[in-house]
Amino acid sequence: MKHRIMLRIGPASFRIGSAWRQPIADLARLYAAYPQPVDGVADFTVRLEPTRPWRRFIRPSVFIGGDHMLADAAPMALAHGLLAAEMGMNMQMALGWRRHVLLHASCVEKDGKALVMTGESGSGKSTLAAQLGERGWRLMGDEFALLEPETGGVFAFPRLVSLKNQAIGVMQREAPEGRFGPLMRDTPKGDIRHLAPGAEAVARMDEGAMPALLLFPRFGFAPDIREVGQGEAFMRLTQASTNYVTLGEAGFSALTRFVTGVPARAIDFDSGETAIGMIDRLWAELA
Amino acid sequence: MAESRYRAEQGADIIVQPLDDVTLIYHRRSGQTHIVVSPVPEILAALAEGEADVPAILTRLARDYDLDDPGEARAGIAAHLDELVSLGLVTRI
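Chains as they are written, first to last, in the numbering used here: chain R, 5 to 291; chain W, 14 to 106.
Misleading hints may appear alongside valid ones.
To give a feel for the contact side, a few chain W residues facing chain R, derived at Cβ under 10 angstroms [what the hints assert, rightly or not]:
#1 V35
#2 R41
#3 T46
#4 V50
#5 Y78
Where chain W lies over chain R, by a calculated footprint (3+ residues, C-beta under 8 angstroms) [stated by the list, open to error]:
#6 11 to 18
#7 134 to 143
#8 162 to 170
Hints are computed from structural coordinates only; laboratory data are not their basis.
Each residue gets a CB set at the ideal place from its N, CA and C atoms; glycine is no exception.
Starting from the given sequences, assemble the full structure and let the hints guide the process.
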């Protein structure tokens, strides 16, 4: 492919090729501090290519390709090329990663212990992790937490934080402008702006942490904290994992160890400040 | 008609993991995880002592638990065994 970049995010490395310059230039700027693959060989390839050859020039739209494909991955507008690249990387991880239990969860660390937050899109897990990452916690990832079956530790996958709609304004008040990508309006997920994790998140991305608290945040409800039993936590984590079934017994053992060893709470909140107050209290009490 | 006899999957084929509110059963041969509640773990434990028919399972359970109404318990055990057979965790012999 004409334009390409290689980079490593936590344990996974990517080669991203594009028929266009701009998405790669955006990635190069936002991932400037990230290392190269250890031996120069990438785990995954992501390709951004024209849906038809001539569409590279006429009303271009991007088709996301790679080692692992979803049949219904729809073409996207070239103006959303950076989003296409990020979605392509997520897709490769979700469909192809086998070394860890992949949890669709955000994760932050303090004092060597990890807070894992999982929930559906719109739950606020990503924005909360990004905010905590600017307030003394180490951001380990806003999209995936990697649970290692052998040790029970959580490993980081600190890719760009994907901020949607109101979350963009929230984080623009917390992080310097230079760490943001372009504002992409009217994507299939609404307005999106990417935020590069801070220097510490990148420098320490190979450091794992033992999970100490599991939260199920839910944005847009009156503040409330509810205990979550081990059975419910297990069920919700299997639903949040893209490779639980594939990993078989290793996945079962890792998740049962997780839910029997880590306290779990559901938190409802109507503002980031409320949620962070709850998290501080729960962390002091339980972690 | 003779009572059906049942045999549980061998201990090596399943992992039983009690949690605080439910019990997980991982079935190695199918790779499936089942989430069950009482009395299913108790029935499987009774059957782990060896193949048995419903009255024998009832006798084993009555050793460790108070069964209010044996008739009701017997019907309940039979219904749970049917479910366990359909999941592949128990074989009807």
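Against the structure, the hints come out as follows:
1. V35: Given a least distance of 3 angstroms, the restraint on V35 of chain W holds.
2. R41: Check passed: Cβ of R41 of chain W comes within 6 angstroms of chain R, closer than 10 angstroms.
3. T46: With a closest approach of 6 angstroms, the T46 of chain W hint holds.
4. V50: holds (8 angstroms)
5. Y78: For Y78 of chain W, the interface hint is violated, since the closest Cβ of chain R sits about 21 angstroms away, which is over 10 angstroms.
6. 11 to 18: That given contact is violated, which follows from only 0 residues of the stretch 11 to 18 of chain R lying within Cβ reach (below 8 angstroms) of chain W.
7. 134 to 143: violated (count 0)
8. 162 to 170: violated (count 0)
The structure is inconsistent with the numbered hints 5, 6, 7, 8, although it conforms to all the rest.
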